[in-house]
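Visitor: Hey, can you work out the whole structure from these sequences and the hints?
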Amino acid sequence: MKLLKPTWVNHNGKPIFSVDIHPDGTKFATGGQGQDSGKVVIWNMSPVLQEDDEKDENVPKMLCQMDNHLACVNCVRWSNGGMYLASGGDDKLIMVWKRATYIGPSTVFGSGGKLANVEQWRCVSILRSHSGDVMDVAWSPHDAWLASCSVDNTVVIWNAVKFPEILATLRGHSGLVKGLTWDPVGKYIASQADDRSLKVWRTLDWQLETSITKPFDEKFNPKIFKKKQKNGSSAKPSCPYCCCAVGSKDRSLSVWLTCLKRPLVVIHELFDKSIMDISWTLNGLGILVCSMDGSVAFLDFSQDELGDPLSEEEKSRIHQSTYGKSLAIMTEAQLSTAVIENPEMLQYQRRQQQLDRQGPTARDAGPAARDTGSASSVAGVVNGESLEDIRKNLLKKQVETRTADGRRRITPLCIAQLDTGDFSTAFFNSIPLSGSLAGPMLSSHSGPQLLPLDPGTPIPFSSSKPSTEPAAGTRPVGDAASKDGVNTATAPTTPSPSVLTTPSKIEPMKAFDSRFTERSKATPGTPALASTTPTAAERLREQSLVKELRPRDVLESSSDSDEKAPAAKPSSLPKRKLELEGEAVEKKKKGRPRKDARLLPMSLSMQSPAALTAEKDTVCVSVPAPALKLPMPGPQRAFTLQVSSDPSMYIEVENEVTAGGGLKLSRLKCSREGKEWETVLPGRILTAAGSGDVVCVACEKRMLSVFSACGRRLLPPILLPSPISTLHCTGPYVMALTAAATLSVWDVHRQEVVVKEESLHSILAGSNMTVSQVLLTQHGIPVMNLSDGKAYCFSPSLSAWNLVSDKQDSLAQCADFRSSLPPQDAMLCSGPLAIVQGRASTSGRQAARLFSVPHVVQQETTLAYLESQVAAALTLRSSHEYRHWLLLYARYLVNEGFEYRLREICKDLLGPVHTSTGSQWESTVVGLRKRDLLKELLPVIGQNLRFQRLFTECQEQLDLLRDK
Amino acid sequence: MAKVSVLNVAVLENPSPFHSPFRFEISFECNEALADDLEWKIIYVGSAESEEFDQILDSVLVGPVPAGRHMFVFQADAPNPSLIPETDAVGVTVVLITCTYHGQEFIRVGYYVNNEYLSPELRENPPLKPDFSQLQRNILASNPRVTRFHINWDNNMDRLEAIENQDSSLGCGLPLSCTPIKGLGLPSCIPGLLPENSMDCI
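As you go down the protein sequences, you meet chains A and B in turn.
For the first sequence, our numbering assigns the number 1 to the initial residue and increments by one for each residue that follows.
For the second sequence, our numbering assigns the number 1001 to the initial residue and increments by one for each residue that follows.
These are computed hints drawn from the structure, not numbers from a lab.
Incorrect hints may appear among the rest.
What the hints assert, rightly or not - If you want a taste of the chain B side facing chain A, the calculated C-beta under 10 Å gives, among others: (1) GLU1025; (2) SER1027; (3) GLU1029; (4) ASP1037; (5) SER1059; (6) PHE1072; (7) PRO1085; (8) LEU1118; (9) LEU1122; (10) THR1147; (11) HIS1150.
Here the structure is a predicted model, which means the values were calculated and not measured.
Quick reminder that beta carbons are idealized off the backbone N, C-alpha and C, glycines included.
Guide: As structure tokens, this is what we get:
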């Protein structure tokens, strides 16, 4: 046995509470106390294992450190796949980390640049539930669950596929829960607590299986950290035995073999303080031990000492005979008894296994030293422009706008996107880097009238400063320091002489110390509430701030309802809309115009005029309102509108431009990427919309004009059946929603109608219902989001309204298809359906709550839900989403073993193999080739050996078709 | 955990004449798209003696902020000399860059600033009334002092979810009058507001 204490593994002398070796053995993590925070550090393993690497300065020792925990970190654990690291600490939080590969090394700003992070580990989830310190975390064998335990006496099971969803909270311990472990097949989880009991819970229903209290004798050793190792077998053909290492508070470490009655080895005096955690290496021959004294030791055993480990198969056989098969986890091992009938299938299964094995290593565990080079080179270039070039012109290029209340707003330049795939990418917000950056971008609310203050001049700070409190609170420290001039420990900074020429200047600098560390008390110019310290003075100020804000709201809302007065139900309808749009209004006030032209909140067309028209005209629209249902845009002199998601394209409208001789015209200006065009119209322009292809405006007298992207008129004015309510463009499609609640969609390129004056009466059945959002897909399909949470699209081919989303849909709430979600792109599907349905995250949560629902019911609801999703995506002609949901549906069918439906899908996708003239079969669906879809489905089908005949059939026929 | 971490602040055009604008190139990283804008401020400390002489040179909103690394240049006019006590015009002071989210300050970057006459004559015999046009401003860029504060980032989210779980007929939004006092009355946000300082300095 060799023993090594790598001194470079430390937390600057602070205690290390946990250590865990990455499953691929290339790195390990430590967790413990940091400077004023908890600390997690990821270290390179090779300098521990090889002396050469330890001496080689090019081999990094520390790979990444994370100071994000607010208090001491008690445990760090790698997921079995090695993709994630979970850490739990005294701050009651569990953080889940994932490696981000998009960027090169970084330093911790303000730390003097010494600590370069070779690898970038990002916190992808923060799990909050525990009300006390988190003591231990453990990943289930299949990485689908993460368990955590805490001093709040509970164990929480998290859905690792869908953080931060909680699957179960296990209550029953009467003392703090100190440790957790899963059985090797994931059928049980054991928790050990201060109440001198060990409880075993079933993963099937998360109920208590058994509670073991007898053998507990914790008199001298309250902290036993045990780590079961893999089964090893002795050289002689005897029983397999386990190897177990025990570290204890008496600072000794002992390694036990279950075949021996006394420990294999006991090491005393290895550390100055208690042993806190132990982690075995991959081959089972080495252990890392960490201690409260802040050091780490590595023990390396030889095979002679521990015996030969069993192979994985032998191990899993023992596991299965001991624990049985887990019902909750479907592993391929269970199917291993099935006979594989054809070589294709065999090959596929083998490939799959190989992939699974290579997967984690290839993806995220490459040797650190090697991939830093490539990563940094990636980071250095953005869209072909080097970072240096970008920086040179950043000030000129960066987009700066004014918000509605006149504040400066800068759109930051995105220099790297996160690639971890766990984030729902901001499809509408992120600013594309290339080209368009130079173009100007105007906020759609750039009205100069409402400027409350001019940010160009310094703001007098005294406006909202609390009177005496800060002077009394913070000054004395500085004053005292500056007066006596004694070097106190609070001023560790020695400024460089280049700046500070006279030594006398150093003394007053101490006076600034509090300025660096204390939050500013004066926060004028903030519409939001500054609420840092709950002192009376602050409270007072906040209250006054709130009071200040309120009148403005009233003003806005009242002018708002004025605007809507022409609408049919002046009292109830606008009020309700106001409530609905509460959020939108607030966003706007904070200076965030909504940019997503694809999903246009009605509030934009209604309220932005309201906010703008301080110089509102007295002239009203002279159109009589016959049984109006929808609100109309009010008249206004001028407005600006951002078009599509392209920030550089916007439309400006100026009404009542005097053209001489008493004539009044309206001017329409459109700017795209710096190129402008302009045209005039005879009537007053009420509303405008644009897409990448067309620009359209609705004028008074129900006229709708359409222009090409370059300003050429495409059609003579279209006479609308009633005044316009909302106008919208996507691609070549123009959608007009009139105040009489009729909807029309035209394809202006083909000059034909897509939807002809379709009434919304059928979907706006209830009297209180309004359209809350409208959407026009790329294929010209209009979608109406209603205030009751339902969304309908109008299918031109069926000439009918189809329900595509319902927020109260009980199917969506009961459906549970998490097991079928592909791990990576679970959240990544975007498109009209996703927009309409909003965040789908609630479904799983509900499903977890309804755990008691019989499996059959859940199956049925899930199937029904998935089918409706596939159908909705099809109706919306969203190919991307159709594919996503179809694959998900198929995967669910495969997992649950529904052969008939699966077969029907395959049959339709395959079509007739031998061409027959009478066939009605279409080879494509929403622009996707059906047979390509089938090819994608095949690997999914192949996952379940039960469907191997179907797999073979499809495979053979596809081959046949290919050969033809 | 902070959703936004500042990666770097580069001080541009330093040293420079007193009257030229401040320019900081700020790089930051956001690990989750932010629902609202960040607010950045440059505060010039006019005098060590009292916070009363602080000048907020400018404040900007920065957004939208999707997940990823971002940078921008924050430019602000030089401080107003008439608001600086004459005795503090020459010498060392501090400029602070702060960032707030939902009105909560979560990072404060401070630099020492030295204002000095360029010409040796003026340096020897400084005029009684400071001549700001002759002053050169030098920011000690190599030594930023960074203080991070723990704030509640999820205020909004918690609320949204709370709304979702309510009766869905009400769940579409809140009455307008409630919106500006977001979070104030919620006890859930109070713990997040306790300053848990962590200071990273040399």
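Visitor: Work down the list of hints and note, for each, if the structure agrees.
Guide: Hints and how they fare:
1. GLU1025: holds, 6 Å
2. SER1027: holds, 7 Å
3. GLU1029: The hint holds - GLU1029 (chain B) has a Cβ within 10 Å of chain A, the shortest such distance being about 8 Å.
4. ASP1037: Check passed: Cβ of ASP1037 (chain B) comes within 6 Å of chain A, closer than 10 Å.
5. SER1059: holds, 5 Å
6. PHE1072: Where the cut-off is 10 Å and the nearest Cβ of chain A is about 4 Å from PHE1072 (chain B), the hint holds.
7. PRO1085: violated, 13 Å
8. LEU1118: Nearest chain A Cβ about 12 Å off; hint violated.
9. LEU1122: violated, 13 Å
10. THR1147: holds, 5 Å
11. HIS1150: holds, 6 Å
Of the numbered hints given earlier, the model fails hints 7, 8, 9; all others are met.
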